[in-house]
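Engineer: For reference, the chains in residue letters:
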Amino acid sequence: MAKKSFRQAINEALTQEMRRDPRVVLMGEDVAGGLGSPGEDDAWGGPMGVTKGLMPEFGRERVLDTPITESGFIGAAIGAAATGLRPVADLMFVDFMGVCFDQIFNQAAKFRYMFGGKAVTPVVIRTMFGAGFRAASQHSQCLYPLFTHIPGLKVVIPSSAYDAKGLMIQAIRDDDPVIFFEHKMLYDDMDEVPDEPYAIPFGEANLTREGDDVTVVALGRMVKLANEAADALRRDGVACTVIDPRTTSPMDTDSILESVGETGRLVVVDEAHPRCGMAADVAALVAQEAFRALKAPVRMVTPPHVPVPFSPALEDAYLPTAARIVEAVRGVMA
Amino acid sequence: MAKKSFRQAINEALTQEMRRDPRVVLMGEDVAGGLGSPGEDDAWGGPMGVTKGLMPEFGRERVLDTPITESGFIGAAIGAAATGLRPVADLMFVDFMGVCFDQIFNQAAKFRYMFGGKAVTPVVIRTMFGAGFRAASQHSQCLYPLFTHIPGLKVVIPSSAYDAKGLMIQAIRDDDPVIFFEHKMLYDDMDEVPDEPYAIPFGEANLTREGDDVTVVALGRMVKLANEAADALRRDGVACTVIDPRTTSPMDTDSILESVGETGRLVVVDEAHPRCGMAADVAALVAQEAFRALKAPVRMVTPPHVPVPFSPALEDAYLPTAARIVEAVRGVMA
Amino acid sequence: MQLNREQLLAAWRMMGTIRAFEDRVHAEFAAGGIPGFVHLYAGEEASAVGVCMNLDHRDKIASTHRGHGHCIAKGCDVPGMMAEIFGRASGLCGGKGGSMHIADLEKGMMGANGIVGGGPPLICGAALTAKTLKTGGVAVAFIGDGASNQGTTMESYNLAKAWMLPAIFVIEDNGYAESTASNWSVSGSQIKRAEGFGIPAVQVDGIDFFAIHDAAAEAVERARGGGGPSLIHVKLNRYHGHFEGDAQTYRAPGEIERLRRERDPLAHFRRRVTEAGLLEASQLDAIEAEVATAIETAVAAAKSAPMPPPPNLLTDVYVSY
Amino acid sequence: MQLNREQLLAAWRMMGTIRAFEDRVHAEFAAGGIPGFVHLYAGEEASAVGVCMNLDHRDKIASTHRGHGHCIAKGCDVPGMMAEIFGRASGLCGGKGGSMHIADLEKGMMGANGIVGGGPPLICGAALTAKTLKTGGVAVAFIGDGASNQGTTMESYNLAKAWMLPAIFVIEDNGYAESTASNWSVSGSQIKRAEGFGIPAVQVDGIDFFAIHDAAAEAVERARGGGGPSLIHVKLNRYHGHFEGDAQTYRAPGEIERLRRERDPLAHFRRRVTEAGLLEASQLDAIEAEVATAIETAVAAAKSAPMPPPPNLLTDVYVSY
Ligand SMILES: Cc1ncc(C[n+]2csc(CCOP(=O)(O)OP(=O)(O)O)c2C)c(N)n1
Ligand SMILES: Cc1ncc(C[n+]2csc(CCOP(=O)(O)OP(=O)(O)O)c2C)c(N)n1
Ligand SMILES: [Mg+2]
Ligand SMILES: [Mg+2]
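Protein chains in written order, with numbering that gives the first Met the number 0: chain Z, 0 to 333; chain R, 0 to 333; chain V, 0 to 320; chain L, 0 to 320.
It should be emphasised that the hints constitute simulated quantities derived from the structure, not laboratory data. Cβ atoms here follow ideal geometry from the backbone N, Cα and C, with glycine treated the same way. Misleading hints may appear alongside valid ones.
Pair by pair, the computed Cβ-Cβ distance ranges are [claimed, not checked]:
{"#": "1", "chain 1": "R", "residue 1": "E209", "chain 2": "Z", "residue 2": "D230", "range": "47 to 53 Å"}
{"#": "2", "chain 1": "L", "residue 1": "G276", "chain 2": "R", "residue 2": "D174", "range": "50 to 56 Å"}
{"#": "3", "chain 1": "L", "residue 1": "R262", "chain 2": "Z", "residue 2": "M0", "range": "40 to 46 Å"}
{"#": "4", "chain 1": "R", "residue 1": "D211", "chain 2": "Z", "residue 2": "D211", "range": "35 to 41 Å"}
{"#": "5", "chain 1": "V", "residue 1": "K106", "chain 2": "R", "residue 2": "A231", "range": "48 to 54 Å"}
{"#": "6", "chain 1": "L", "residue 1": "G225", "chain 2": "R", "residue 2": "E195", "range": "37 to 43 Å"}
{"#": "7", "chain 1": "R", "residue 1": "R59", "chain 2": "L", "residue 2": "A216", "range": "26 to 32 Å"}
{"#": "8", "chain 1": "V", "residue 1": "A246", "chain 2": "R", "residue 2": "R59", "range": "19 to 25 Å"}
{"#": "9", "chain 1": "R", "residue 1": "D174", "chain 2": "V", "residue 2": "R223", "range": "54 to 60 Å"}
{"#": "10", "chain 1": "V", "residue 1": "K302", "chain 2": "R", "residue 2": "E56", "range": "32 to 38 Å"}
{"#": "11", "chain 1": "Z", "residue 1": "P55", "chain 2": "V", "residue 2": "A216", "range": "50 to 56 Å"}
{"#": "12", "chain 1": "V", "residue 1": "P309", "chain 2": "R", "residue 2": "D174", "range": "42 to 48 Å"}
{"#": "13", "chain 1": "V", "residue 1": "K191", "chain 2": "L", "residue 2": "G276", "range": "26 to 32 Å"}
{"#": "14", "chain 1": "Z", "residue 1": "L206", "chain 2": "L", "residue 2": "G244", "range": "33 to 39 Å"}
List time: in silico EDC-like cross-link candidates among lysine to aspartate or glutamate, alpha-carbon distance up to 16 Å [stated by the list, open to error]:
{"#": "15", "chain 1": "Z", "residue 1": "K117", "chain 2": "V", "residue 2": "D76"}
{"#": "16", "chain 1": "Z", "residue 1": "K294", "chain 2": "R", "residue 2": "E288"}
{"#": "17", "chain 1": "Z", "residue 1": "K51", "chain 2": "L", "residue 2": "D245"}
{"#": "18", "chain 1": "Z", "residue 1": "K117", "chain 2": "V", "residue 2": "E105"}
{"#": "19", "chain 1": "L", "residue 1": "K191", "chain 2": "V", "residue 2": "E194"}
{"#": "20", "chain 1": "V", "residue 1": "K106", "chain 2": "V", "residue 2": "D55"}
{"#": "21", "chain 1": "V", "residue 1": "K133", "chain 2": "Z", "residue 2": "E60"}
{"#": "22", "chain 1": "L", "residue 1": "K133", "chain 2": "R", "residue 2": "E288"}
{"#": "23", "chain 1": "R", "residue 1": "K294", "chain 2": "R", "residue 2": "D211"}
{"#": "24", "chain 1": "R", "residue 1": "K117", "chain 2": "L", "residue 2": "D245"}
Kindly generate the complete structure, drawing on both the sequences and the hints.
Structural biologist: In structure tokens, the structure reads:
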């Protein structure tokens with residue numbers, strides 16, 4: 000099977016779905032690029048080049064550059080979804096949600112409920128998240144806990160190129176509003192990715208490591224670190240199950256509870272802020288539903304309750320590391 | 000001591016602080032009302048009348064009606080706070096955060112950190128929250144978990160008129176950005192409220208009931224229900240400690256952990272959505288920090304993962320009740 | 000544009016239905032039968048009807064918190080609306096939405112909206128769907144004077160123009176946003192703002208159904224012909240409070256009485272069509288009577304309809320989860 | 000307005016400092032010494048300097064992601080800025096902010112901003128402070144052409160006018176928002192938009208320091224005199240990519256070379272002042288040399304400065320918690 004990058008995987012998913020269904024359109028700032036400019040068309044394909052090549056194939060009618068006007072175009076994507084298109088809108092950085100969150104959480108998320116089940120809003124909002132790029136406080140946040148909090152939204156966080164493709168295809172075919180989180184440090188990660196289209200169902204976790212001693216739940220880029228930690232621990236005789244929920248809403252609670260039922264120990268690793276975050280969400284789930292199985296305190300590995308700093312020296316101290324995961328696992332084994 | 004309503008208590012806090020400090024100004028949609036209109040001035044004092052009477056005393060220079068432009072005026076409050084005023088801005092319903100969240104979570108919350116400690120942003124954002132008013136999906140949310148998630152913000156949720164006054168005074172005197180949550184169903188609640196100004200420090204929980212069997216943590220309007228439940232249970236011989244954290248950021252984790260250390264049992268009652276919510280936040284805290292003390296699974300009492308419905312029949316089914324709290328307490332006692 | 004007799008009768012029936020609906024909801028609210036926030040459209044009828052008579056099944060509208068009139072004008076089921084406002088299972092949204100969220104996407108009505116400025120981005124999307132799928136449809140956003148100051152609204156002007164969308168922005172300027180006068184809150188002017196974005200704009204008198212109808216006809220024609228967005232600034236009046244319960248002390252003494260007497264869109268319509276000999280007063284009266292009966296029936300049905308059963312709380316959140 | 004010799008020298012030094020700073024950051028980024036997102040201001044110098052020379056310690060500015068020029072023009076410490084961009088403890092923000100968040104509130108510089116459209120609401124607040132505390136100060140928002148389409152920006156126009164704030168909106172229109180041309184993204188015109196809100200507006204040539212200076216002087220005078228907000232639309236050019244690393248393939252072949260040759264604000268200034276006999280070329284050269292040395296020193300200091308120690312991660316989140 001061909002090795003493809005996370006970036007290519009998403010590009011391929013978008014391309015294949017746009018070929019399959021003429022109602023799929025793309026919109027966002029510079030998703031093609033070069034509009035009105037004297038030079039090259041399709042000049043950008045998004046700041047990370049994820050949507051490069053789509054405009055030449057599908058034309059500007061289906062790959063729509065927008066003014067910088069997130070409420071306007073994210074709202075337009077939602078309005079279009081409610082009236083017959085299946086738009087994929089690009090919220091360049093999730094950090095920009097604050098100027099357009101209303102359209103997402105009060106409109107898209109609630110249409111179906113408020114309207115008594117009569118609306119279908121198949122919109123996908125792609126967005127980039129995460130720290131590590133030295134992009135500082137306003138371009139490095141995770142924020143998916145805010146979206147997970149909202150009933151009516153689905154939240155997807157792929158951790159590999161393979162998952163990215165399958166989850167994007169599912170997102171586009173899904174009839175509910177989906178927020179699709181892409182970690183900016185994963186775009187160049189390579190993985191075996193089939194050429195043909197495939198959909199990964201939402202709410203089905205992926206067990207990237209299996210072991211009887213400790214359950215480690217991790218998301219997004221943290222899955223890599225959790226795997227690293229698990230591999231290091233395995234060498235020392237500690238066997239971890241690493242669970243990547245892949246979607247936080249819906250979330251595969253069964254897989255988590257089942258695993259904790261076996262291991263009796265839980266470490267949750269998350270890059271998002273700790274308060275009311277995903278680590279707390281998973282820890283609380285287990286404290287309520289699998290308490291009797293627990294042999295040790297739940298341990299959460301997250302950044303501290305501070306914004307993301309710019310300086311590499313501080314950002315490196317901010318982020319969870321494989322070493323901290325190892326330490327947490329040893330802690331619950333003690 | 001005089002009995003005063005929750006509404007009066009906040010009004011009194013604002014009045015006293017505005018008298019004390021000329022830098023305190025108020026702004027928001029119809030916080031006075033009647034601007035440019037041919038009839039009465041100060042016609043509204045906010046939709047719930049909370050700020051009525053302030054404009055006549057302090058004038059339109061310090062009680063500023065605004066156009067409907069939340070990004071604009073909440074941002075202005077933040078910019079004013081960073082340059083020498085101490086504004087109290089009214090985000091009429093917290094449900095409207097989606098049009099102005101950026102100014103709150105990327106600007107106000109992060110100034111101090113991003114600028115290396117050189118900014119002080121003493122802004123208070125008052126906002127109304129909660130269900131029970133038959134106000135439907137877009138006017139009934141809690142959403143304080145979203146604000147609690149964000150480092151740099153302080154989050155205050157008074158549950159009584161007494162606390163409302165003291166916490167508002169603290170909020171205004173506080174040098175950090177504070178989001179002040181007022182439950183719309185509490186405005187007419189009466190309590191003993193001293194006439195003189197007093198400040199309640201942030202991060203200090205209030206124990207509204209004390210008992211050895213179960214720790215119940217509750218917020219906002221849920222404190223009333225928790226007290227009711229505790230009183231009913233007490234008659235049956237089950238003694239609860241009810242903890243009202245009063246502020247979720249900072250949060251008085253010590254009081255919660257100490258109480259659970261004694262009772263070994265935790266029920267968290269919250270009106271916010273369950274996923275990545277405050278109930279999960281508190282449950283996770285305890286699962287990590289007080290696990291050894293726990294004798295039973297943590298129990299969370301929250302609404303289901305659905306938007307707030309309009310119909311009274313459905314909204315009543317949506318909200319936690321004293322009966323459900325009693326049931327949860329009995330569950331952890333079993 | 001010349002309207003035929005049938006169209007004139009339909010317009011009268013529609014405006015009369017809105018008026019009767021709203022006045023009745025006002026009374027029922029006062030009597031305690033209706034919960035929550037209710038914003039009434041009485042006095043503004045000519046706008047919704049004048050605009051929507053130019054629309055058909057291809058076309059979409061997005062409404063505001065003051066949405067009953069737009070719903071009725073776009074063809075939503077009136078008994079279903081009444082039941083919704085009473086929170087009943089038979090309501091248009093099964094009781095889940097209430098007054099602030101009545102919608103019927105099948106009728107092209109994309110929802111009343113509890114968020115001021117929520118609608119304009121949405122109709123950019125509906126207009127994009129029409130343009131992309133070449134349905135020939137147009138999309139209309141109704142926008143209050145207060146909502147015209149919301150960033151979402153202004154972003155939508157620019158987006159609609161940049162994308163050359165078949166979109167129409169109708170500013171329903173009733174002089175107030177809650178208790179705040181638009182002559183204070185709206186700097187500059189609606190027309191000049193639109194022109195700032197290169198959008199053709201016209202101001203019309205909101206008691207004049209015919210003027211509104213013609214302005215909308217022109218905008219719809221422009222939109223269907225690929226000429227892009229338009230804006231219509233309608234100056235009109237609301238009779239009831241901002242929401243039910245508002246004492247309206249910010250209005251001048253006698254202001255509303257005078258408006259009802261001198262600036263009523265229904266009275267204006269009646270005068271115009273009877274004086275011009277287009278319709279007989281008796282025809283108008285007959286329709287008024289029919290409307291009254293229909294509203295009476297709708298209220299009775301709503302009141303006796305069952306509340307939604309508690310399990311409905313959990314349905315309609317997702318298509319699948 | 001006539002500027003004296005000292006002022007002209009100061010302007011030249013300021014513009015030269017910005018140019019040298021940016022070109023050096025460009026080189027250092029390419030060499031791998033600077034992490035993250037960096038947006039350079041070279042080519043736009045006359046705007047920041049022309050505007051800020053009208054300001055004093057009472058006045059505040061809010062900047063954009065392209066903020067180095069505004070910082071320098073408002074008097075921020077240049078070595079501190081350089082250290083900040085290198086992420087050092089000695090940086091203006093202790094290394095926590097970086098290029099996108101340089102600020103110095105004591106200098107009235109309210110921050111570069113990672114959020115497009117973040118600044119305009121903030122300066123409404125700064126202007127409100129000035130008005131309320133009667134400091135005589137004004138507040139200026141720098142706004143890109145792309146940012147002019149953001150709702151927050153347009154809301155701020157209306158708010159500033161409704162409150163009659165001493166606020167000035169400076170649209171720095173460099174023709175592009177990332178790779179998208181403003182002639183496509185900005186419907187209508189900046190001037191007409193401002194007029195839509197009743198805000199006096201003027202367009203000036205961004206290579207002409209003097210034109211910008213005069214337009215700003217007029218706006219500042221209006222603001223200080225209680226005359227409310229103004230807008231200045233500056234047409235200018237950026238030389239480097241949107242951010243460092245941008246290949247700028249969307250620009251015409253030779254576009255930037257031509258701009259550097261024919262439309263350079265520093266060259267324009269030099270020509271103007273030497274031809275008019277206001278300054279000697281040798282004076283300008285001497286300052287250029289001083290600036291080059293200063294930047295060299297700043298870079299050397301930044302590179303050898305220590306990184307912030309890890310415990311700093313946890314400080315400066317709250318005043319108290
Ligand atoms: C984003 C947002 N801000 C504020 C409100 C509260 N609110 C509801 S209606 C209203 C006034 C709207 O005025 P206008 O747009 O003129 O419409 P009208 O009520 O006059 O029809 C306000 C402030 C809201 N619902 N949403
Ligand atoms: C709210 C928001 N949307 C999008 C971006 C990404 N972004 C950063 S700069 C930029 C272009 C800004 O263009 P303009 O305002 O013209 O300023 P210029 O870069 O030309 O100086 C964009 C889209 C952002 N930072 N914030
Ligand atoms: Mg109005
Ligand atoms: Mg630009």
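Engineer: Now, for every hint given, state plainly whether the structure supports it.
Structural biologist: Status of the hints after comparison with the structure:
no.: 1; hint: R:E209 <-> Z:D230: 47 to 53 Å; result: holds (49 Å)
no.: 2; hint: L:G276 <-> R:D174: 50 to 56 Å; result: holds (54 Å)
no.: 3; hint: L:R262 <-> Z:M0: 40 to 46 Å; result: violated (53 Å)
no.: 4; hint: R:D211 <-> Z:D211: 35 to 41 Å; result: holds (38 Å)
no.: 5; hint: V:K106 <-> R:A231: 48 to 54 Å; result: holds (49 Å)
no.: 6; hint: L:G225 <-> R:E195: 37 to 43 Å; result: holds (39 Å)
no.: 7; hint: R:R59 <-> L:A216: 26 to 32 Å; result: holds (31 Å)
no.: 8; hint: V:A246 <-> R:R59: 19 to 25 Å; result: holds (21 Å)
no.: 9; hint: R:D174 <-> V:R223: 54 to 60 Å; result: holds (57 Å)
no.: 10; hint: V:K302 <-> R:E56: 32 to 38 Å; result: violated (46 Å)
no.: 11; hint: Z:P55 <-> V:A216: 50 to 56 Å; result: violated (40 Å)
no.: 12; hint: V:P309 <-> R:D174: 42 to 48 Å; result: holds (47 Å)
no.: 13; hint: V:K191 <-> L:G276: 26 to 32 Å; result: violated (45 Å)
no.: 14; hint: Z:L206 <-> L:G244: 33 to 39 Å; result: holds (38 Å)
no.: 15; hint: Z:K117 <-> V:D76; result: holds (14 Å)
no.: 16; hint: Z:K294 <-> R:E288; result: holds (14 Å)
no.: 17; hint: Z:K51 <-> L:D245; result: holds (14 Å)
no.: 18; hint: Z:K117 <-> V:E105; result: holds (8 Å)
no.: 19; hint: L:K191 <-> V:E194; result: holds (7 Å)
no.: 20; hint: V:K106 <-> V:D55; result: holds (9 Å)
no.: 21; hint: V:K133 <-> Z:E60; result: holds (11 Å)
no.: 22; hint: L:K133 <-> R:E288; result: violated (52 Å)
no.: 23; hint: R:K294 <-> R:D211; result: holds (13 Å)
no.: 24; hint: R:K117 <-> L:D245; result: violated (32 Å)
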